[in-house]
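Given only the sequences and the hints, what does the whole structure look like? Please build it.
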Amino acid sequence: MKNKGLTKVDLIFETVDVRKVMKKAFEMTSDEIIQQVLESGLKGRGGAGFPTGLKWKYTAAEKDPDKYIVCNADEGEPGTFKDREILDKVAPKVYAGMAIAGKAMGARKGFIYLRGEYRFLLPQLFVELHKFHKMIAEIGYDFNIEYRMGSGAYICGEESALFESIEGRRGEPRNKPPYPTTSGLFSKPTSINNVETLVTAMMIIEKGPLEYVKLGTKDSRGSKVFSISGDTPVPGIFELELGMTVQQFVNEFGDGDTKAVQVGGASGFCVPRKKFADTIIGFEGVPTGGSMKLFNSSRSMYNVLHNYIDFFAEESCGQCTPCRVGCQQLLKGIEKVKKGEAKSTYLNELVKLADTMKVASKCGLGQSVGNAFKSIVENFREEVIY
Amino acid sequence: MVTLKINEHEAKVAEGTTVLAAAKTLGINIPTLCNHPDLCVAGNCRVCVVEQKGARTLVASCATPVSEGMEIQTNSLKVRNARKHIVELLLSEHRADCTKCYKNQNCELQTLANEYSFGEHIFLDLTEDHNYAIDRSSPAFIKDDSKCIRCQRCVRTCAQLQHVSAIAVSHKGSEMKISSFHDRPMSHVVCTNCGQCVNRCPTGALTEKTYIDQVWDAIYDTDKHVVVQTAPAVRVALGEDLGYDPGERVTGKLVTALRQLGFNSVLDTDFTADLTIIEEGTELLTRLKKVLVEGDKTLALPMFTSCSPGWIKFIEHKYPHMLPNLSTCKSPQQMFGALAKTYYADKRKLDPANVVSVSIMPCTAKKYEADRPEMRSSGYKDIDYVLTTRELAVMIKQAGIDFRTLEESHYDSVMGVSTGAGVIFGATGGVMEAALRTAYEIVTGRPVPFKNLNIMPVRGMEGVREATIKIEGTREEWNFLEGAELKVAIAHGLVNANKIAKAVSQGKAQYHFIEIMACPGGCLGGGGQPIPTSAEIRQKRMEAIYAEDMHMDLRKSHDNPEVTAIYQEFLEEPNSHKAHELLHTHYTERESY
Chain H
1 MKNKGLTKVD LIFETVDVRK VMKKAFEMTS DEIIQQVLES GLKGRGGAGF
51 PTGLKWKYTA AEKDPDKYIV CNADEGEPGT FKDREILDKV APKVYAGMAI
101 AGKAMGARKG FIYLRGEYRF LLPQLFVELH KFHKMIAEIG YDFNIEYRMG
151 SGAYICGEES ALFESIEGRR GEPRNKPPYP TTSGLFSKPT SINNVETLVT
201 AMMIIEKGPL EYVKLGTKDS RGSKVFSISG DTPVPGIFEL ELGMTVQQFV
251 NEFGDGDTKA VQVGGASGFC VPRKKFADTI IGFEGVPTGG SMKLFNSSRS
301 MYNVLHNYID FFAEESCGQC TPCRVGCQQL LKGIEKVKKG EAKSTYLNEL
351 VKLADTMKVA SKCGLGQSVG NAFKSIVENF REEVIY
Chain Z
1 MVTLKINEHE AKVAEGTTVL AAAKTLGINI PTLCNHPDLC VAGNCRVCVV
51 EQKGARTLVA SCATPVSEGM EIQTNSLKVR NARKHIVELL LSEHRADCTK
101 CYKNQNCELQ TLANEYSFGE HIFLDLTEDH NYAIDRSSPA FIKDDSKCIR
151 CQRCVRTCAQ LQHVSAIAVS HKGSEMKISS FHDRPMSHVV CTNCGQCVNR
201 CPTGALTEKT YIDQVWDAIY DTDKHVVVQT APAVRVALGE DLGYDPGERV
251 TGKLVTALRQ LGFNSVLDTD FTADLTIIEE GTELLTRLKK VLVEGDKTLA
301 LPMFTSCSPG WIKFIEHKYP HMLPNLSTCK SPQQMFGALA KTYYADKRKL
351 DPANVVSVSI MPCTAKKYEA DRPEMRSSGY KDIDYVLTTR ELAVMIKQAG
401 IDFRTLEESH YDSVMGVSTG AGVIFGATGG VMEAALRTAY EIVTGRPVPF
451 KNLNIMPVRG MEGVREATIK IEGTREEWNF LEGAELKVAI AHGLVNANKI
501 AKAVSQGKAQ YHFIEIMACP GGCLGGGGQP IPTSAEIRQK RMEAIYAEDM
551 HMDLRKSHDN PEVTAIYQEF LEEPNSHKAH ELLHTHYTER ESY
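Going down the list, the sequences are from chains H and Z. Its first residue numbered 1, the first sequence is counted upward by one per residue in the numbering used here. Its first residue numbered 1, the second sequence is counted upward by one per residue in the numbering used here.
Source of the hints: derived by calculation from the structure; they are not laboratory data. A few of these clues could be false.
[Unchecked claim] Mimicking BS3-like on lysine-lysine, the simulated pairs with C-alpha atoms at most 30 Å apart in a straight line are: (1) K336/H x K84/Z; (2) K275/H x K188/H; (3) K24/H x K57/H; (4) K20/H x K109/H; (5) K78/Z x K343/H; (6) K343/H x K84/Z; (7) K176/H x K24/Z; (8) K336/H x K177/Z; (9) K176/H x K12/Z; (10) K290/Z x K318/Z; (11) K374/H x K84/Z; (12) K24/Z x K540/Z; (13) K53/Z x K352/H; (14) K53/Z x K57/H; (15) K188/H x K502/Z; (16) K188/H x K499/Z; (17) K78/Z x K374/H; (18) K12/Z x K63/H; (19) K84/Z x K339/H; (20) K177/Z x K176/H; (21) K12/Z x K352/H; (22) K338/H x K12/Z; (23) K8/H x K24/H; (24) K84/Z x K176/H; (25) K188/H x K53/Z; (26) K53/Z x K218/H; (27) K176/H x K103/Z; (28) K57/H x K176/H; (29) K5/Z x K352/H; (30) K374/H x K53/Z; (31) K318/Z x K176/H; (32) K352/H x K84/Z; (33) K176/H x K53/Z; (34) K374/H x K177/Z; (35) K352/H x K177/Z; (36) K78/Z x K336/H.
[Stated by the list, open to error] Footprint (simulated), chain Z over chain H, 3 or more residues, beta carbon under 8 Å: (37) 164-178; (38) 324-338.
The beta carbon of each residue, even a glycine, is placed where N, CA and C say it ideally should be.
Here is the structure:
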């Protein structure tokens, strides 16, 4: 496997003349904007990795005069904190990304769904937003952004649950299809993008897709902001080019005793030391929305697993059977095995259950519980049992 | 049309059809739990997942529309494994004391468990980890969270069909449950006791509060004289719980069965339905005269019917300022109760203290109604016990009665004679039609100008219906109505009732008389009726009701000889002082949450 090595990048936080980018985008047609984003190969930075250009294209193709662009700033995945930093440092670039998306799709209204715990950012964000609205109005944009606050539910980061929440209902994922691009917020065509995705798209317009595709690999174009935590001497936020191996990552950020890295948060995958060298961080290997947690040999992987499953058992919305009951079974199951009250082979039944949850749950939450569960049980079985 | 393949068989169905419905056209059954024909799609139980070629995950067939060229497997290994897991998961959080459960053998989870889960359970028992409450606070039903599988049929019913939302989802994850406002007891929230949720609950989480044992005790108490009345809608639905197809009329067998159960007297709510028409029709005509001619400001128009106790509680909570618009007439059940321990006891020379009055109702709200403090105008509790159609079926089975082979027989007298007008109370629009048959004739001296007395404009299953009846050729005392157009409206299902109530409240609707039934289809779709229910089943029951009406010798309430007799012997005249004492009531403003 070829990889690109570890390279630090400064794209998201780079200081740019937002007004200039907005003017440039204003001169472009909807098709030109979408084409550039498509050519850049940009995939959603929230974790799921859906091609951003396609999302915009599908939404643009809808005939409805009312469309929405929603910025998902609910950032609830354990171990990610990069969207907070982006909003704190470069909010105008987020707004710009939304306005450009709005121009591309024919949406005049944007909503930012902000994680409840980030309420303290609001006063400054409002100041920036006021200035931004004034600036784009001068250029000629007919576009307006409003904030909506989350209230602490992890599930509200799931796009359709987020819409339900904005619409004033309980945050429960919807059935798909229809997808948001045809029926999203208020049942209107909607493109919902992560904070970082919107800034990246804006920078693609600024630099052009040819410049952007120089970064990253075929499957994982560009760079990504990582939230690095756990057993590391340098926790924090780093923007890195995509395509490095976990080994290269650990060489830079580990403490010399790293035994596992949880890539992508609670819903992501656990990579054990023996697989560091062969695992690329990106869509060809293990994808991540940014969360990178390092564990050294002082950590019990049973505790790590227990913590994640306990989190899911609490944060499942509870509407669908595989997720609501499955999480409780996984949690109780590993507890029983650990205490010796269930046979260690019961873990095999639980792995099968995790597979069912992956294919039968209603939304991405339940579908991804199995990622952490299986990768930890399969790689650290002894730690889970004894 | 869309062409797709299900289990290698080709299906051609209309665009927008779900995979579940498409499979049905091929005779392929996919199990479901949260799905219900009356409710919007939820897609949350996941029992109906199927494999779609090319899809990353299994898809919920109830929530997935067909698409051209789609290939579906409903019974692949992957599907079977997932489905078995899902059923096992549901069982692991369900307190499965099946042999003691009221829903035993009428439980959709149990049926699935029989098909997918036998031998050892795969998963651990989770019921011990939760401290589930059993809410017995309502006199009408019991809510047992330990039996709940979170399918949210009840939540959707309460919101979508009834516009009440007394129950909703609260908490999340492992704590997620169906709850009332601030977890208050069901007796202290906006719940109307309509029982539509009970009727749709797939398990034993929501069941009517049964009074079967109390009724048996009364029957076997030799000091007691037990009278039973049967509501109109019971006779067209009871058969469904005893092996008949929907729409079978079993009136004669019903009467025989009740007699065999040991009731001392088998009487008919239809009698007091006829009486209601006389009282309510007179009340309406009097109101029209007082308001329109004499300018009386103390009386309100339009007048709403008051025989549906679910509707009464709904308006008490949601539109208390319109309580003066309600007819003051008690429901037929309660008129019957008040008369059973006065008029009837007198006629039969019984001590009313020894009369036990039981009613068989298609309704759970009637249990609540019977418990209202104002329903004691006989000096006793007017109705002692209310049983649903389902509970009666249980009693018939308990008694070992072979219902099919029963001879047919007639109701006892007095208070057992009725007309077709009383029977049609069981269908939406029926009270209106019965009232018009009588009121028109009082005013004009002629029968309503509709073929066979069938007032078709007020019939049907549309949620809200309107009709205008022109009054011509009035008698002397009613000539203020000459040429007037009587505007009426009908709604069934509280979501539709709310539409009319809102319009009236906002002054946007100009009606004189409005019939409201809390349940879809009227009483025939009541919360106490046999399970399952669907639009097709309710349609069949409705056809049976109107067929019953056509077969009656008498079709108009004022032709009922027992009604004439009771006024002569006891009540004096419609809306008399005595009638008001026994047959009319008042209402209570309630909180809006």
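These are the hints, each one checked on the structure:
1. K336/H x K84/Z: This hinted pair holds, its Cα atoms lying about 22 Å apart.
2. K275/H x K188/H: violated, 44 Å
3. K24/H x K57/H: With Cα atoms ~20 Å apart, K24/H and K57/H stay inside 30 Å; holds.
4. K20/H x K109/H: holds, 21 Å
5. K78/Z x K343/H: holds, 25 Å
6. K343/H x K84/Z: holds, 21 Å
7. K176/H x K24/Z: Satisfied, since the Cα-Cα distance of roughly 21 Å is no more than 30 Å.
8. K336/H x K177/Z: Judged against 30 Å, a Cα distance of about 25 Å means the pair holds.
9. K176/H x K12/Z: holds, 22 Å
10. K290/Z x K318/Z: holds, 27 Å
11. K374/H x K84/Z: holds, 20 Å
12. K24/Z x K540/Z: Holds. K24/Z to K540/Z sits at ~21 Å (cutoff 30 Å).
13. K53/Z x K352/H: holds, 21 Å
14. K53/Z x K57/H: Holds, because 25 Å separates the two Cα atoms, which is no more than 30 Å.
15. K188/H x K502/Z: holds, 28 Å
16. K188/H x K499/Z: Since the Cα atoms of K188/H and K499/Z sit roughly 26 Å apart, the hinted pair holds (cutoff 30 Å).
17. K78/Z x K374/H: holds, 18 Å
18. K12/Z x K63/H: Holds, because 28 Å separates the two Cα atoms, which is no more than 30 Å.
19. K84/Z x K339/H: Status holds; Cα separation ~27 Å.
20. K177/Z x K176/H: holds, 24 Å
21. K12/Z x K352/H: At roughly 36 Å apart (the allowed maximum being 30 Å), K352/H and K12/Z break the hint.
22. K338/H x K12/Z: violated, 53 Å
23. K8/H x K24/H: holds, 28 Å
24. K84/Z x K176/H: Cα-Cα ~23 Å, so holds.
25. K188/H x K53/Z: Roughly 29 Å separates the two Cα atoms, so the pair holds.
26. K53/Z x K218/H: holds, 27 Å
27. K176/H x K103/Z: violated, 33 Å
28. K57/H x K176/H: holds, 19 Å
29. K5/Z x K352/H: Holds: K5/Z and K352/H sit about 28 Å apart, inside 30 Å.
30. K374/H x K53/Z: Holds, at roughly 25 Å.
31. K318/Z x K176/H: violated, 35 Å
32. K352/H x K84/Z: holds, 12 Å
33. K176/H x K53/Z: holds, 16 Å
34. K374/H x K177/Z: Roughly 28 Å separates the two Cα atoms, so the pair holds.
35. K352/H x K177/Z: Given that 30 Å is the threshold and the Cα spacing comes to 26 Å, the pair holds.
36. K78/Z x K336/H: Distance of about 27 Å is within 30 Å: holds.
37. 164-178: Contact hint for the segment 164-178 of chain H vs chain Z: holds, 4 residues under 8 Å.
38. 324-338: Contact hint for the segment 324-338 of chain H vs chain Z: holds, 9 residues under 8 Å.
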